[in-house]
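Trainee: Spelled out, the chains give:
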Amino acid sequence: MARRLPAKDVVIVGLGWTGSILANELTDAGLEVLAIERGPWRNTATDYPPNAAQDELRYRIRHELFLRPEQTTFTFRNKMDETALPIRTWGAFMPPNGVGGGGVHWNAETWRFLPSDFVLRTHLTQRYGARFLPQDMTIQDWGVTYDELEPHYDAFEYLCGTCGTAGNLKGQIQDGGNPFEGSRSRPYPNPAQPQPFSHTLFAKAARELGYKPFPQPSGNMSRAYVNPLGVRLGPCTYCGFCEWFGCGNYSKASPQTTILPVLVRKPNFVARDNCEVTRINMDASGRRAKGVTFVDTSGQEWEQPAQLVILAAYTIFNVQLLMLSGIGKRYDPAKNEGVIGRNFTHQTISDVVSFFDKSKFVFNPFIASGAIGMCIDEFNGDNFDHGPHGFVGGGYMGQVQTNGRPIETTPVPPGTPRWGAKWKQAVRDNYQCALKPGTGVHGSMYSYRDVYLDLDPTYRDRFDRPLVRITMDFHDNELKQNAFLTDKFAEIFTAMGAKQVVKEYRKGPYDITKYQTTHLCGGAVMGTDPKTSALNRYLQSWDVPNLFVMGASAFPQNAGYNPTGTVAALAYWSAKAIREQYLKNPGPLVHA
Amino acid sequence: MSPLRRRDLLKGTALVLAGGTAVRASIIAGRLPWQPGTASAPQPHAGNAPGGWNFFTAAEGAAIEAIADRLIPPDANTPGGKDAGCAAFIDRQLAGPYGQREGLYTVPPFEKGAKQQGPQSALNPAELYRKGLGALDDYVHAARDGHSFATLDAAQQDEILQGLEAGKIALGAGVDAQTFFEQLLQDVQQGFFADPIYGGNRDMCAWKMIGFPGARYDYRDWVGRHNEPYPLPPVSIAGRAEWTPKSG
Amino acid sequence: MRDRALALFASAARSRPASACACALACAAVALLGCAAARAQLVPDSQDFAIIERGRYLATVADCAACHTDPATKQPFAGGQPIETPFGIVRAANITPDAQTGIGNWSDDDFDAAVRRGRMPDGGHLYPAMPYPYFARMSKDDVLAMRAYLRTVPAVYNPVKTDQLPFPLSIRAGMALWNALYFEPGEFEPDAGQSAQWNRGAYLVRGPGHCGACHTPKTFLGGDKSDRRLEGYAIQGWFAPNINGGNGGIANWSVTDIAEYLQKGHNRFAAASGPMQEVVERSGSQMTSGDVEAIATYLEQQHSEGAGGSATVVAANDPRMAAGSAIYTDLCSACHKKDGSGVAYLIPNLAGAASVAARDPTSVLRVLISGAQSAATAAEPTAPAMPAYGRQLNDAQIAAVATYVRNSWGHASTPVSAGEVGKQRKRLSAD
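In the order they appear, the protein sequences are chains A, B and C.
Going letter by letter, the first sequence gives residues 24 to 615 in the working numbering.
Going letter by letter, the second sequence gives residues 138 to 385 in the working numbering.
Going letter by letter, the third sequence gives residues 6 to 436 in the working numbering.
For reference, chain A alone in the conformation it holds in the complex (with noise of 0.2 Å):
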């Protein structure tokens, strides 16, 4: 039996980045706010101080930050006639898991997406004609333009301590930064990191073949730095163990080291870890949400009524809860008709791996970060003419090494044999002259209608809900995309001077074992018309608008970017339209 508690003004479902950025613009605004966290509280001195935070074996093999699957998992098919099967450890993503969700273990890659990104089938339609499109690619425009988000973006970033150099400041193009990006209103609050041997190298090499090389914006700081929230970070140290690990010095942008220090001194905030929603309630019409239902650790069920209510979990599980709660149409791919679990998409990524003398090259891959990286845009969204090359789409490339650790990152050129003095010979003497970039091309995924969430049939998690399905597999168009971006990223690495290029291509089936990011997107996503979207253009649901979905389950596609920037940027415009929109007027904000 569910046991109530005394409604709270609003109730937000995960505290990662975009739920600590909603408690912080509501508490502001003066309401109540609860934040319902399945997984456990994290911090730096605690959970990943350093010398327990450098283990390789218990973060990165055994996946300790993450959810276990054993808590709930996902099924996976490529074709919508085949028989899903649980992923039963993880793969292709990282699904997080406790306060600060992804924020925790991320890298910080900090990207601004391409103004044209957010008008994508009205851009590309434009350029190339609708013909140009394959025909069962359901890209859509988001409903938000890039002009919109800007100060968004610029929030998050100062939020963050961003380092990077602009590329564009009010319309002006900038030396040393990225040429492609859409205008930004001031300059990055922090310096670019200085950068390894192997990157400025890649650099060089890349200006030299005529692109316009500039340092990754970063989350890792390069200097000390107080945001604007009055919360400090000390400077990044370079140690190489960012991505799937937490910060052991206060370094890397989380909602740990920007947010929460703030959010847990309001009086009107509070937070439950540990404690799983299980759905949304809804009110006899079912158009408006009364709340949550949670269950704690000693399996006790508690009902939490909230006059608004904001999903802020990871992407699936945010569209798994709109699904078990009866919220919105489910999408029917044989149709091509409702919205939830509809435009699910990942990322396209390959890499290139490059071998070179080891008597002339010692690159100390271990010296490292997350986001750390020079990287050129000239292959990026509709920043090159697609029309002779017959896909659309594409992503940034670089030279970003994040990490030298020798379990996973030990590279030994093609015709080694896997085991045997050779390899051990092949390990030892190139783990100082190869280059393996932690993120090579990084593309675009554009949705299909045959790529999809659904329910599935047979497995279930430990509270007997059904896990969700996912439909998945690569389009020739992503299949080209990749060809033509590794190819361009591999002459790079020839012209840096490498003996061998080895090139990774993105090959299909998409593969649930091989990791391509955890940059999952899509299933609830935003637009202009509710027969194609499950949110309106400030991510409130179409059918609930007591409901506010956050996250990349609203990107209507994704994007050749990292997509943390743009999931923030629209968690700030999100809260701006609640405070100044919805509580003046609760209701729809857009009429469709």
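Certain hints may be false.
Unchecked claim - Pair ranges (Cβ atoms, derived):
| no. | chain 1 | residue 1 | chain 2 | residue 2 | range |
| --- | --- | --- | --- | --- | --- |
| 1 | B | 161 | C | 383 | 28 to 36 Å |
| 2 | B | 161 | A | 230 | 55 to 63 Å |
| 3 | A | 168 | C | 78 | 52 to 60 Å |
As the list claims (entries may be wrong) - A short list of chain C residues far from chain B (calculated; beta carbon distances all over 10 Å):
| no. | residue |
| --- | --- |
| 4 | 167 |
| 5 | 180 |
| 6 | 200 |
| 7 | 308 |
| 8 | 318 |
These are calculated hints, taken from the structure and not from any lab test.
For each residue, glycine too, the CB sits at the ideal point set by N, CA and C.
Once you have looked at the hints, place chains B and C on chain A.
Mentor: Quick look at chains B and C alone, frame taken from chain A:
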């Protein structure tokens, strides 16, 4: 190292942490939660008794050591898999949460799917090793004149490992030879490169071999020094010899 | 739809922190005005808001709630909290206006006698765990303002047996002797040769702030060694360092550094943790900038008189220094930097933090073994924490790294033995 064992997994809905204390749902308000003495220290399985094993039988242990020494043979500069402790690493992993797949999704049915759908075995790693090593022993015994794997010479051992890798040897007993080989290769290499606190990479030998400085955390002085070998020796989570004051 | 709008609005109004802040600011302003007004008025009207507010402020400066909060219910001033003394545990009294178990029946003179002379209404003596030897320096007006404030807090029925000391210390009459030895009555007398700011600081430090209660060395009977004022003392498993700004542990701190530490919990050298974290959070950060600066001005000019010969630096080739250096490089430098300088306002500067090279390593060992969280204040909310390395490092290793930080970057202090670490570890695990 504290003998406390980390069982960082879910039982029902409760997260069980170091020392077996259940982590309970808590309310966070007013200030950042913090308690003195709280440390999320790694909790590797306690070392075995001298010469003994936690999971393996003596015969299994001998086979694993022999396998580890072929997958990573000793050479003039660096020990092989056996002396690096790879077998001890696997033994402790199998005796711990990893062996039982704790934390993973183990709900049936276990259906065979496409490779890209990921592992769907009903066997956990402990069961796979027990069956796999038993089947390997049977195979060697029958095919090689009553030998066990450990008593074969290196060339014969390599031949068998190549046979497993290529799927040319059938082990029977419900064990897929290639699956078993991939598990062995993965675990031996992980043991070689993981922090020595887990039993392998003894004396940080694998890190010394490649020049990885281990659990160091501060390269500020070095990020701008290009194309120079890094000079400091590796350090483990458990430290290095220089951490202990020399007596006298 | 409309009623929902109203409901949300109503709740927004109910809990708007911005308006709460505005209110607090207004209160502070009234308090400042109130001080001036109250001074002119010898017999305060106990219903006067300005006086009550001044009393509230002084109770914050004196941090009454630190000891007098009920540990079970968290009810401020309800008493029951165990207070560690050199002789054992006494419990803080219930000072709410409850007539039966609190001080509701006390007259103003009763209150004044207790606060400034350590005397109970029945003539008995208080233990000096109640810092009446400091409060004796307060003006009667200030004491009665506190009394006026305490009349306004909720009355809580909570019988507290304050006296739990073993015989013969349980004989409160013995305190008469103690008073004869250590208690100097008398209000604070301003020093005409010093500025008003200095005198205000002196009043706060020696009076309501009772800094010496922790920072001044004690005799075996727990009395202040009056010739060694603020020279540092081990208490509650921490070492309260020498805070004489002229030549003590904070000799290189400016007035601004001291003021920032007290108000923000952090400055370019140090972070407040342990008991001082509570002092900053409950008291220092709630004080006016003028008072904090006054305290800083006064402390900055104090000199240790009984400072003994300083320790000689432990040689770099000492095995403990060598091991300590290795541990420091591998474990500590990621935050504190190779040169110990840390990150201003975030990571303490080990070359400039007062407790590192204190003559007593208690705090250093405690922080290494158990970790420590620093103060969170409105000005500095980050509250970074030191990890607990007690599980990872053994006694000899902790002794080595403690010896190293105590003898590097210009420090020279006594080395630490593994035995001392073991003792501290035992004490901490008993906590």
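Trainee: Now tell me, hint by hint, if it's right for this structure.
Mentor: These are the hints, each one checked on the structure:
{"no.": "1", "hint": "161(B) with 383(C): 28 to 36 Å", "in the structure": "holds, 31 Å"}
{"no.": "2", "hint": "161(B) with 230(A): 55 to 63 Å", "in the structure": "holds, 56 Å"}
{"no.": "3", "hint": "168(A) with 78(C): 52 to 60 Å", "in the structure": "holds, 55 Å"}
{"no.": "4", "hint": "167", "in the structure": "holds, 27 Å"}
{"no.": "5", "hint": "180", "in the structure": "holds, 34 Å"}
{"no.": "6", "hint": "200", "in the structure": "holds, 37 Å"}
{"no.": "7", "hint": "308", "in the structure": "holds, 34 Å"}
{"no.": "8", "hint": "318", "in the structure": "holds, 17 Å"}
Going through the hint list in order, the structure satisfies each hint without exception.
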